[in-house]
Every structure is written in structure tokens, then in C-alpha cells.
Amino acid sequence: MSRRTHRRRLRISDFSGRSLPGSPPGTLIVDPDSPKPVIRVTAYSADRLIDREIEDVNVIRPLLSEWPVTWIRVAGLGDLQVITRLGEMFNLHRLALEDVVKVHQRPKVEQYKNYCYIVLRAVRDSGGFASEQVSIFLGKNFVLSFQERVDQSFDPVLARIREGKGRSRTAGPDHLTYALIDAVVDGYFPVLEEFGEKLESLEEAILSEPGQFFERIHEMRHGLLSLRRASWPMRETMTILYREPIPLIDEEERVYLRDCYDHMVQIIDLLENYRDVASGLMEMYLSSISNRTNEIMKVLTIFTAVFIPLTLIAGVYGMNFKFMPELEWRWGYPFALGLMVIFAAGLLLFFRARGWLSSWRQ
Amino acid sequence: MSRRTHRRRLRISDFSGRSLPGSPPGTLIVDPDSPKPVIRVTAYSADRLIDREIEDVNVIRPLLSEWPVTWIRVAGLGDLQVITRLGEMFNLHRLALEDVVKVHQRPKVEQYKNYCYIVLRAVRDSGGFASEQVSIFLGKNFVLSFQERVDQSFDPVLARIREGKGRSRTAGPDHLTYALIDAVVDGYFPVLEEFGEKLESLEEAILSEPGQFFERIHEMRHGLLSLRRASWPMRETMTILYREPIPLIDEEERVYLRDCYDHMVQIIDLLENYRDVASGLMEMYLSSISNRTNEIMKVLTIFTAVFIPLTLIAGVYGMNFKFMPELEWRWGYPFALGLMVIFAAGLLLFFRARGWLSSWRQ
Amino acid sequence: MSRRTHRRRLRISDFSGRSLPGSPPGTLIVDPDSPKPVIRVTAYSADRLIDREIEDVNVIRPLLSEWPVTWIRVAGLGDLQVITRLGEMFNLHRLALEDVVKVHQRPKVEQYKNYCYIVLRAVRDSGGFASEQVSIFLGKNFVLSFQERVDQSFDPVLARIREGKGRSRTAGPDHLTYALIDAVVDGYFPVLEEFGEKLESLEEAILSEPGQFFERIHEMRHGLLSLRRASWPMRETMTILYREPIPLIDEEERVYLRDCYDHMVQIIDLLENYRDVASGLMEMYLSSISNRTNEIMKVLTIFTAVFIPLTLIAGVYGMNFKFMPELEWRWGYPFALGLMVIFAAGLLLFFRARGWLSSWRQ
Amino acid sequence: MSRRTHRRRLRISDFSGRSLPGSPPGTLIVDPDSPKPVIRVTAYSADRLIDREIEDVNVIRPLLSEWPVTWIRVAGLGDLQVITRLGEMFNLHRLALEDVVKVHQRPKVEQYKNYCYIVLRAVRDSGGFASEQVSIFLGKNFVLSFQERVDQSFDPVLARIREGKGRSRTAGPDHLTYALIDAVVDGYFPVLEEFGEKLESLEEAILSEPGQFFERIHEMRHGLLSLRRASWPMRETMTILYREPIPLIDEEERVYLRDCYDHMVQIIDLLENYRDVASGLMEMYLSSISNRTNEIMKVLTIFTAVFIPLTLIAGVYGMNFKFMPELEWRWGYPFALGLMVIFAAGLLLFFRARGWLSSWRQ
Amino acid sequence: MSRRTHRRRLRISDFSGRSLPGSPPGTLIVDPDSPKPVIRVTAYSADRLIDREIEDVNVIRPLLSEWPVTWIRVAGLGDLQVITRLGEMFNLHRLALEDVVKVHQRPKVEQYKNYCYIVLRAVRDSGGFASEQVSIFLGKNFVLSFQERVDQSFDPVLARIREGKGRSRTAGPDHLTYALIDAVVDGYFPVLEEFGEKLESLEEAILSEPGQFFERIHEMRHGLLSLRRASWPMRETMTILYREPIPLIDEEERVYLRDCYDHMVQIIDLLENYRDVASGLMEMYLSSISNRTNEIMKVLTIFTAVFIPLTLIAGVYGMNFKFMPELEWRWGYPFALGLMVIFAAGLLLFFRARGWLSSWRQ
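Chains as they are written, first to last, in the numbering used here: chain W, 694 to 1055; chain S, 694 to 1055; chain H, 694 to 1055; chain E, 694 to 1055; chain A, 694 to 1055.
What the hints contain is simulated information worked out from the structure, not anything from laboratory work.
Honestly, I wouldn't trust all of these hints.
A pair counts as met if it fits within one copy or between any two copies, since identical chains are not told apart.
Below, a list of computed lysine-lysine pairs in the DSS-like style, where the Cα atoms sit at most 27 Å apart [unchecked claim]: (1) 729 to 795; (2) 806 to 858; (3) 891 to 795; (4) 858 to 795; (5) 833 to 795.
Modelling step: build the complete structure from the supplied sequences, incorporating the hints.
This is how it looks when you write it as C-alpha cells:
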């Protein structure tokens, strides 16, 4: 019953980076806590490749006219100027740019005249579930991706491009976009796996030992709820990407995007399954607590029921009547004690016959 | 168990302003409690602007032919004549006018020949959730907005027009309409944030201290239910606005309206999340109460179980048998007390071994 | 626990007027309990009007050729001959006629070659929720309405026609049909309002006083369920009426029918809200009962826990050992009593420290 | 707690007549428990009619060329040869024939080139809910119906044909098909009515008397679940029959089939209502049990609470102190008894003041 | 309460064979635990047939040009080279091949230019529910099927081809595909039947004997959940197969595929039914536990209530007052005992009158 002061606070929602009501549409406000952007440019054709971190966004423009595919990868949203200048360079709609910095967008696809804007939600499980917004602009000869911070999630994609394996170098920016989406979607599996393992160990624990599991199950359901909130719009987005005709995405790429869609559907299947399992765990936990109470109740019942008649016998022979023959008996005292033993044994036998002595849970 | 007399009454529904069954369609009845209307007219072109409060609605007509966009902003519905004359001036359908004054309409869009009628529901959290109807008529060169009372919600829009920032002066009445819708939609976020914070503090409280939270959770769920009742039709309305072709709304404005739609979807996502959380809190609260009862049960069990055998021992040596050797012993009394201590200690050890002495909640 | 003999029986369903399985389709069977029909004919043009009760249905035929709109209003379905002859006169399909007399139809719209058949469900709250079937046949120049009994629900419509207000006289039979539908739909609001008020007073009662509310909440949910069963098909019917092209209904009338649809949607919104509230009340009630039990449990615990050690002390000094020094003490008796008081006080302080003495509900 | 040996076994599912996995499609396997088929042929035109039971299916072929409508009614599926020869005679697809003998099909409509195959599920309540498959083949000039056993369900249809009432003789085989469907659909109503009455009497019983209702409610829900499983696909089938163009069904017959559809929708409405009511009953029953426990708890509390202090008083005056003035008093004994009465009365008054003596359920 | 160490671990999910996030699309990784593939080739025309196990996949190519239908049946996925070479031979998309070896795909149909790729999930109940992925490639003149291990599920199909029964030899590869699908779908029925029987015996057990059923019901629900996860996408797949035009599947085959679809719908109907039943069982079990607790509570109440007054009587006559006339009575002791008997009998009669002595469950 002790007051818990250090409990990890469950963040039910996060409104940081939300503009104030009444601010004009397309206002770019940078969250002061965002890390400064690190920009990496990778331009490649089938046989050549350049790949470097840059400081000044102006070096991008000449690359665009020179290389068939240029990938600009911005990690960190803490510098308004960089984002604005990229927006101008690629002629991006300011509402889209606003969505890039307000990092609580639902996953979605928006088609503009010269580019396609894709918002995704990436998840990771770094000691508690967390999610991050990934924004991708797909143009004729460029892919512009924004992440909230520097991480390794896109490194395998870069590695494949460097090695020039498969179609990674010969295909256009739509294939690169697919590869990024695929990396984001595949990132859901380890998180789910983590949840699955936690659920299994929790189930094990609930069945074998007493304890206070309510909060842990609650937290788990909370996490699954958050994951679900990320997954469903991801699925919708995947559906649009593989079903609706998007001019910038080649027919052949769609087979791949359908694969992403399939994965997302699988993820949601598992997720819903886990939610069911978590509900079942809560039920199981509450039932185990109630079983435990029943057990204690039973002990009390038997204890009380066995001792109460004995107390009565003692009380009877403690009465002060003048004429109580037993009191005078030579063996009166052992007789009384014997009576108590017989009573107690009789009751215990009676309770065993009714099956109340065998433990509830064998 | 004291009778609570000052409880804030939960308004389950509000039927004020509803016409009587059988009244002819299009009957305008003004709620006598409505504040008198305050009318403000803002007419602007790219380079010029007039903006003033007016008393007489007749001053509007000349403005309409002169200015590309005229915004008539009526706050307060307490004067039937004003509304009727505006209706005549803009040739509004009487059913639409009826909906303006009966302020319990569901959000909706209705297209008429020369104008488009949009009903929205604005929310605010001024010590308890409240909602207000906003009606907007969008015409070729005018926007006519009705609010239930004077408030600041549209002031930022007006400020932007005055400053002439962005497209606010150059775009037509459809952009102004969008700006008003955007202001209404953005008003949902602080209310949601308020709910989120209340939920978090409630969760904190339930986990750390005993108390009567039922009513507070109940009230919260009530509020979320009301907010939900406002939000879903808002979303439907947004869907129609950005998807269906409405002649008075420019193609370019649609991108902006899609943004409003996105916000509304986000709001509903959060809302449904909160509803889940609130259900979880109720469960958590009921479980904490039942845990507490279990705790008391356990104390009772142990108390009773420990004392009952001791009482029996006392009873036994209180019996009046003539021949009870212990009674004659020199150390009989300490022996009996010792027996009691041994019994009590044995039982306590037994209970500790079964894990019943460690508190349920560590 | 007394046997309740006078409980108002909850009618779970009503199968009266249902034909036997195997009876041929289109068989007209009149419920013997139906009241005899009262027929009122109202024929009007823009400037003239006749309106009278009739006995013989044959007087209707000449009116039809003479007046632009003739409204035949039948209240009471207890005379098979009247219905059959009206059916012949207007050439109505026998399945439609069968539906008129079997008054448990779902609301629906059926289009026939020369007329449109609309079934509605009207509700009222006359000491308990009740519903009634309203059948309307809309033809080119007539409206034929059937109600189960004479009531005032259509009187305001008639009054408006008599006064010739608005479009009531100039518009065709489709407008009259709309007016009747509107009257039926508006009749839902007072019933809902009644439910709302009952829910509020019930909530008030549950929170402030103990009592047996189960049955009342159960009855309320029952009533809401019935109302729901009437409302959803009404909404479907309204959707068809305002969306699908029905040749006999003018384009202009549709705006009005959309208004009816809006009302029906609002009604269902409220209804679903009430159902949620009623579920919440049940939960609240069950929780209040369980709180009350907890309260009693606590009193028992404290009582038992306080008295059991005292009884032991009394028992100890009631033992008959020869050598018990306290028994010889001059102040032995007060000492024992003092011991009891100290024990009792100590336990009470301990319980207060754990917060068990403060009432559960402040 | 006695082992119940004669409990009516709830058949959760029935897999009899299911072919083994891997058996070739279209394999006809006859359930050995099926009754032998009784075949009745009814051929009629507007003015003539023959109707007789036949042994040999070969007598059917000449009738087909002679009569406009021939109805072959097979009751009992226990003879493979009969079914095979009918299949050959009417050129029926072997998958359809397989469905005829495997009597656990879902209701459905299948169109083949020369005929239409309709599977229905008929229900009856003969001391517990039961269902039966009805298969109907509708051809240009024949109707071939299969039932699982001889019963009276189609007798009214035959009677109408014999009497030549209404369109029964003049219309084609599509009307006969409709009449059969109508008979099957109408058969749901008595079963529902039976459920409704059982629910009402159960509700009455739960509210007025204690008892073990769990199993009865459980069985009821079980039955409603089975009925539901039959009804929903029936509704789908009806939808197809009245909406989709089926060449063999005349436009005029559709009005009648829509009537069947309406009935089926009504049935499902009621059914879902009953399911809600049954859930409510379970809740009510569980709540009544918990109330009863509360009642017993209360009696225990009061009993214990009243007697425990009295026992203490007795214990106090049973102490053996030398110096206890009350023991010497002339009226000490009556004084002690009086003390007990005063204590007991005081406690009872205290409990009445808290409202614990008034019965929970008035 | 003993720690259970040998509990069968509920596999909540299985991620084996899942590629690492970031691995390039179409990467074939073979699960090292997969059994080595056994390849069997069956080529047939209407009058001839060859059928043998092969080691080298190169023997397949000449068969393809020679025989109208060649069925290559691969059982076991443990050899990457075999799969790759089959992929090259039939020109299969590498994403499809990837799905073949990652055996946790959802059932689906994918159309490629020259073949159609079908993924199915087969189930079996070999001491606990298990499922297996079946992949089928349908081409113009071949069927290529992959299973996870060697089993008998496709043997009946092979047997029919060998015997040349029905259309099995004359029809094309689409009929063979149908036969395989049919075999997979029919495999669901025994599993369901197993579940049905377990549910029935569990129900029987819960109603007749006490015990710890929670875990068993939980496991059952777990299994049904897994089965459900397999069944729904199977149904979707069947819908696509029989509804959407697939060039490689003949119109005539569709009738057969519709049959598979019907079976799948039936399976899901049953499954959902079972899930409802399992929920009901849980409810029933929890209610039976709570009834049992009530029973024990009652025994305690009666025991305590009966003995407490007797103890008081004994206490009263154990008091040491000087002037207690009863103590001097000749028959004082029998009088006291008689008083106890009368009290006990009176209480028992009182309890029987309230119906508390009759057992809860008769």
C-alpha cells in the first residue's frame, strides 16, 4: 500500500510539436528538443555511386541533374532552415512540410503534381515501446526521407545500394522507396516478438506464483494499444500504395509493395491475437486472485468451524452449576478433552468428504 | 453514504431549442436564453480591407457587390429578426435557417443552388466539457458564419486577414471557410489534451492511494462519450468536404481541407484510445477495491485464526473438573500462557510459510 | 425476497396478428381486439378544402377525380371490409394490404407501379414505451394513411392544411406524405427526452441512496432496446426516401426528407448514447452494491478483531489455576479491565492508521 | 453437487453425414440412419390436377412433358438410388446432389444452366430446438424438393394447390417455389415465440424465487445461437432471391420473395433482441445470486456483532479475581444480564439506523 | 500452489524462418530444422500415367513438354538448391519463392503472368492444434505444390488420379489444383470435430465435478484463436478463387471451387460458434467457482450462527456471581443444556425456513 513515487509514467498521449489552435496553416514550428539534422546524400546509377554526409543543402541541386537517383536522407528535425530550403528546392507543398515537422501524423499517402508524399510510423522496443515518424518524398529522380533522429534502420538499404546487389542500383527511386518502406515494416516484427515473449513469460508467472500483475498486464495492453494505433493506418497506407495507380511507382514495384502489405496484414493479425491473449491474461490473473481469496476463505471456514464447538465444550464444563456429575468424575477432564478431539476429527472428516480439504489448485 | 446534494449534475442530454412535434417545418423559434447577436463584417480584397461591428444588417448588401470577399460573423442567436433578414438577403432555405437556430444539429454539409451550408460542432473545456454549434454559409463572394455566443475562437483568422499573411487575402471565400473549419477542428486538441492529462493523473491516483474514484471515472467516460458524439459526424463532414466535388470550393483548397480531415481522424484515433484507457482505469479501480477487500479479509482470517485456539486453551483451563492435574501445578499458569504463545507463533509461522503475511501489494 | 405478484410484465415480444405458418400469402386477418376504423377524408386545393369523417368509403372515389390532393386517414384496423374495399379502390397489392393489418412490420419503403407504400413505426411514452405501425400509400393525387388507433399525432398536419400556411396547400401529396413522416419522426423526441430524464434521476438515486435498482435499470435497457429496434429501420427507410429516386416524390421535397433523415440520425445518436449511459448505470449500481458489502465486511472485521483479544483476556483470568498471582492482587480486576481497554484502543488506532476507519465513500 | 447423469446432452455440433477428408468431390454417401424416402408427385394446370405417392421414379418423366408444373416432393434421404436417378432424370450437377444428402449445408442459392438450386434450413421446436435441411430444385416446368423426413410443413401448400385458391394453380413453378420458401420461413415464428415465452417465464422465475438458473439460461443462449446460425444465411439467401436477376423467377414473384425477405429480417431482429435479453437475464441471475450472498453475509455480520460483546461480558464475570465487587452484589447477576440486553439492543438500533436491518430487496 | 515446471508451453507465436529486418527482398533463407525435400512427380493424360519419386529436378523438364498435366509435389523445404532450381525452371518470381520458404504466410492468391500462386494453411490435430503452409503454383500444364513435411494429406488425390476416377484424369491442372485445395479444406473438419468433442466433455466436467478448469478452457480458447487466424484468410482466398476471373481456371472448375468456399464458410460458422461456447464455458466455470464459495460461506454462517449463542449460554453460567439461583438448582445443568439445544434447533429451523439449508445446486 506504499505510495509509489518512481513509477514509470505511462505517457497516454503526446502533444508536443502541435501548433496552437488558430495558427495559420503551413506554419513550420520546430520542436526545440529535436536533434539537429544530419544530412546524407547518396546518388547512384547502375555503375557509379557517391555517398557522403553534407552540411550545405545547396550541393544537392547539381547532383539532381546529373544522377538518375539521388537519395537525401535527413535524420533530425531540429533546424528549420534546412527543412525550408529543401522544401523550396523540391518545390514541396507547405502543408506537407508542416506534417514533416509535426511528428504525430497518421501514416498516409498524398499525391502531389511532381512528387508523392508518404508518412510512415516506425516502431522500436528500446526498453518500452516507442515510435517515430518517417516522411518520404518520392520524385522522378529523387527520394527525400526525414527521420526524427539518427538511427541504423536504413543502413541495410544503404549497404545493398553500395554493394549493388539485386535490382538495388538499376531500379529507379520507386524501388528505393519500396526498400525504405520495407525496412520500416520489417521493424515491426522484433517489437511484436518482444511483446510475444513478454506475454508468454507473464502467462507463465501468473500461473505459477502469486503477485501483483495487474499493473504489468495493464502496461502491456497499453503498449499493444499504441502499437495498434500505429499499425492500422500503416495498413491503410500500404493498401493505397499497392492498389491505387500512382504514376511515380512502376507496375513491377507493386508486386514488392504487395509484399509489404502482406507483412503489415500479418503484423495486424498477430497484434489482434496478442490483444486477445492479453485480455485473457487479465481474466486469468483476476481469476487467480479470486481463487487465492477463496483458498483463504476456506482455511478460515475450516479453522473457525473446527474450533467453535471445542470452545463450546470447554465453556460447558466451565459452568458453575452445583450439580454437574461430570465435574466429579475421576476421568472427567480426559473425557472432555476426548470429546473435543472426537468433534474436531469428525468435522475434519466431514470436510474431507465434501472435498474441501484437497487444495483448490492441485 | 451521506446524501450528496451539491453534485454537479451530469447533463445527459439537452433538448432546449427543439421544436414541438407537429410544428411546421422551417419554423424559426429562438431560445429566449440566447444572447443577442453581435454582428461583425469584414470585407477585403488583396490590398484593401474594412472590418467593423454593425447594428443594421442592411449595410451588408452594398458591400457584397463591391468587395470580392465579405465575411459576416454573427455571434449570438437571440434575435429572430436579424436571422430572418440575413436569410432573405442571401436567399437561404428556411430549413437551413431552422438548423441555425436549433443548435443541436449534427455536423453536416448541405449543398444548395447558390451556396453551401456547413454545420460544425466546436468544443471547449471551460471547467467541464461543453460544445457549441457553428453554422457557415459559403457563397460565391461571401461567408456567413453563426456562433452561439461571442468568443475568441475566430480571432486568429481575423488577425491573419488583417495582416494579409499568406494566401489569406488573395484567396476567395472558400479559403476563409477552410480557415474557419481549421480553427474549429484545432479547438479539439486542447480539450483532448485536457482529457489526457486528467486520465494520467487519475491513473496515478488510483495506483497510489485508496479512495472513491468511481464517480470521477464515470464522469470522464461521460465526457469522452459526448466528445465522441461530436467528433464522428465532424469526421464524416470533413470527408465530404474534401472528397466530394463542391463547385464553390476550389481544387487547391481541397489539399487544405484534407489536412483538416487528417486532423479530425487523428482526434478520433486519440479519442478512441482514451476511451479504451478509461475502460482500463475503471477495471483497474474495481480491481484495486477488490484487492483492498482481500487485504482486510486476510487480516481478519489471520486474527481470528490466531486467537481462536488461544481462547480454547483458556477455556479448557477454565473448566471446573475436580481432577485436573495442571491446575495444581506450581507453574501451571505460565505453562498455559506458554502454550498460547507457542500456538500463536506456530500459526503465524505457518501463515508466513504460505506467503499470507507478505502484503498483497508490495 | 417476497414473491412479487404485481410486477408489470415486460412484454419481450408480441406475435399477435401474425398469420399461422402455411396460410396463403396475402391473407388478411384482422386482430379481433383492433378498434373499428374511423375514416376522415381531407381534400384540398390551393384555395378550397373539404374535410369530414365518413362512414362509407364509396364517397371517396368522386373526390379523387375532382381534387388535386385527397388524404384518406384511417385510424383503427378492426374492419376487414373497409380495408379490402380501399385496397380495391386504389388497386393496392394484397401483400401490401396484408402488411397494413399485420402491425409488426419493420419500417420500409416499397415502390409499386402506381403508388409508393411506406411503413413507419411511431412511438409514444404513455406510462411505459409503446409503438404503433403507421402505413402510408402515396399516389399521384392521394395519400392513404393507416394508424392502429385514433390519436392526435396527425392533428397538427391537418391544422396546417386548414390554415393553408406555407406550402401545405399548394404542394402535392408528396409534401403531405413528408409532413406525416415528419410528425412520426418528431414523435420520437419526447420519448427520448422521457428516457433521458429517467436516466438522470436514476443516476442521481443510485449515487445517493441504497436500494434495489437492478430491475429498474433492466427495464430501462429493455425499453431502449425496443426503441432501438424501431429506430434503426426507420433510419434505413429515411435514407431510401431521400436518396433513391422515387418518381412520385418531387426533387424539392427531398430537401425536406433529408431533414427527416437528419432527425432520425440524431435520434439514433442519442439512443446509442443512452444505451451506453444505461450500461454505465448498471455498472455503477453493481459497484455500489459491492462497495456496500465491503463496508459491512469492514465493520465485521473491526468488530471481530477488536473483541476477540478481549475475550481471550477474560478467558485467561477465568482459568482455575491454583497459582495465578494476578488473581490475588488487590487491583487485579481493574488491571484486567484496563488491559482490555488498552488492547481495544490499540487495535482501533492501528486500524485508523491503515485508513480502515474512514468511511469508504466520504 | 451430485453428479448429474441424466442431463440432456447439448449437441454442440453434428458432423454426421460429412464425407471423409480426401473423398472425391460429388461422392454421394447416405447416412444409414436416414429414413427411406417417400415420394409424392403433384402435377397440375389451371384446371386439372393429379397428386399421388409413387414408388418408382420412372413414372415422373412422362408427367413432365404433359403438365405445366410438376412438383416432386421427396421426404427422407435414405435411398441413394432414388436420389441418383432423380439426379440423372433432371440432369442435376453431382455437387448439388452431394449437398442434398450432406444435410449440414448453409442456406444458399446456386444457379445452374437449366435449373436453380436452393438450400434452406427449416426449424422446429419439438421439445428443444431442431433444424432440418430443405433442398429445392426449380426448373422450367418442375419443382423438386427434398426434406430429411416426412412432416406436415408443406401440407398447407399442397392444400392450397388442391383447392386451386389464388394464383396457386395458374402461376408457374416459381410461385410454387416461393410458397415452399414461405412455408419454411413462417416456420421460424413459432420457434421464436417459444423462445420468447421461455425467456419471459425465466425472467419471472429469476426475479421471484431463488434457484439454479445458470444451466437453463446457458441452454437458452445455446439454442438462440443455433437459431442464429440458421437465420443469418437464410437472410442472405432471401436477399439474393429477391434482388438478383434469376431467369427462372418471374418479376411478379419477386414482390412475394421480398415479403419472405422482410419476414426473415424481422426474425433476425427479434432473435438479436432475444440474445440481448438472454444476456441480460444471465446478468440478472448472477446479480441475484450475489445479492443473496450479501444477504447471508449481512445476517452473519449482525449475528456475530451482536453476540460477541455479550460473550465478552459473560467472560469478564467469569474471571476468578478475588476482589471483584460486582460478584458480591445482590443484583450482580441480573445486572450482568441487563448489561447484555442493553448492549444487544444498542447494536441492533445502531444497525437499523444504518439501514442494515431492512431487507436488501423490499 | 505448487510451481508447475512441466506445463506444456503455449506457443503464442512463432517467428522462426522470418528474415531479419533489412535483409533484401526475395532473400531465400532455409530454416535449418526443415526436413530435406522429397519430390514426387506425377504426369498423366486421360489414358496414361507415370508417377515416381525423383532425386534430380532436371528430369521434370522433358515431362512438361510431353504430358498434358504434370504434378510436382515437394514435401520438405530443407534444400535451398532444389527450390531455387524449380524456381528457375518454372520462371517463378523470387518474392513468391521467398513466401514458399518463409512458412508463416497468410493464405492468399497471387496472379503472375504465366502462373497463379496460391498459399494455403493446412491444419491437423496431432495432440494439440498445429498448422502447416501449403504453396501451390498452377501453370498451363503443371501444378507445383510445396508442403512443409511428408504427410498423407494429398494421398487420396493421387489415388483418384491413379484410378482415373471421375474427371480426375481428363480435366486439366486447374482440376488438380481444386482437388488439392479441397483436401486442405476438408482437413479442417476433423480438427473442428476434435474441438467440438473437447468442448462437450469440458462442459460435462464443469457441470458435474469441482476442479481447476481455468487453464484448460484458456488453452481451448487459445487453440480456437489460432484456428481462427488460419481460417479467415482461407475464406478470403476461397472467395477470390471462385469469384474473380483467373485465366488459368476453367469456368467449370469454379462450381467446384464454390463448393470449397461453402465448406470454408461452414467451418468459420462452426468456429465462431465454438468460440461463443468456449466463452460461455468460462463464464459457467467462474460462476461454478463462485457458487462453491457461496456454499462454503453458507456453511460458515450457519455454523457460526448456531454455536455463538450456545457459547454465550455456557459463558453466562460460567460467571462467578454469588447470587445466581440457577446454579443452585437441582436440574440447572440439564436446564442449561436444554436451553442450548432449543436455541440451536430454533436457529436451524429459522434457516431452513429461509431456504438456506437446501443445497444451492440441487
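How the hints compare with the structure:
Proximity of residue 729 to residue 795 under the C-alpha cut-off of 27 Å is restricted to the intra-copy arrangement: shortest distance 15 Å within a copy versus 40 Å between copies. Within a single copy, residue 806 and residue 858 get their C-alpha atoms only as close as 32 Å, which misses the 27 Å cut-off; across copies the closest is 25 Å, which meets it. When the C-alpha separation of residue 891 and residue 795 is checked against a cutoff of 27 Å, the pair qualifies only between copies, where the shortest distance is 24 Å, while the shortest distance within a copy is 32 Å. In the homo-oligomer, the alpha carbons of residue 858 and residue 795 lie at most 27 Å apart only across protomers (21 Å), although the nearest pairing inside one protomer, at 36 Å, exceeds that limit.
With identical chains, the CA atoms of residue 833 and residue 795 are at most 27 Å apart within one copy only, with a shortest distance of 26 Å there and 34 Å across copies.
Consistency with the previously given hints is maintained throughout, with no hint failing.
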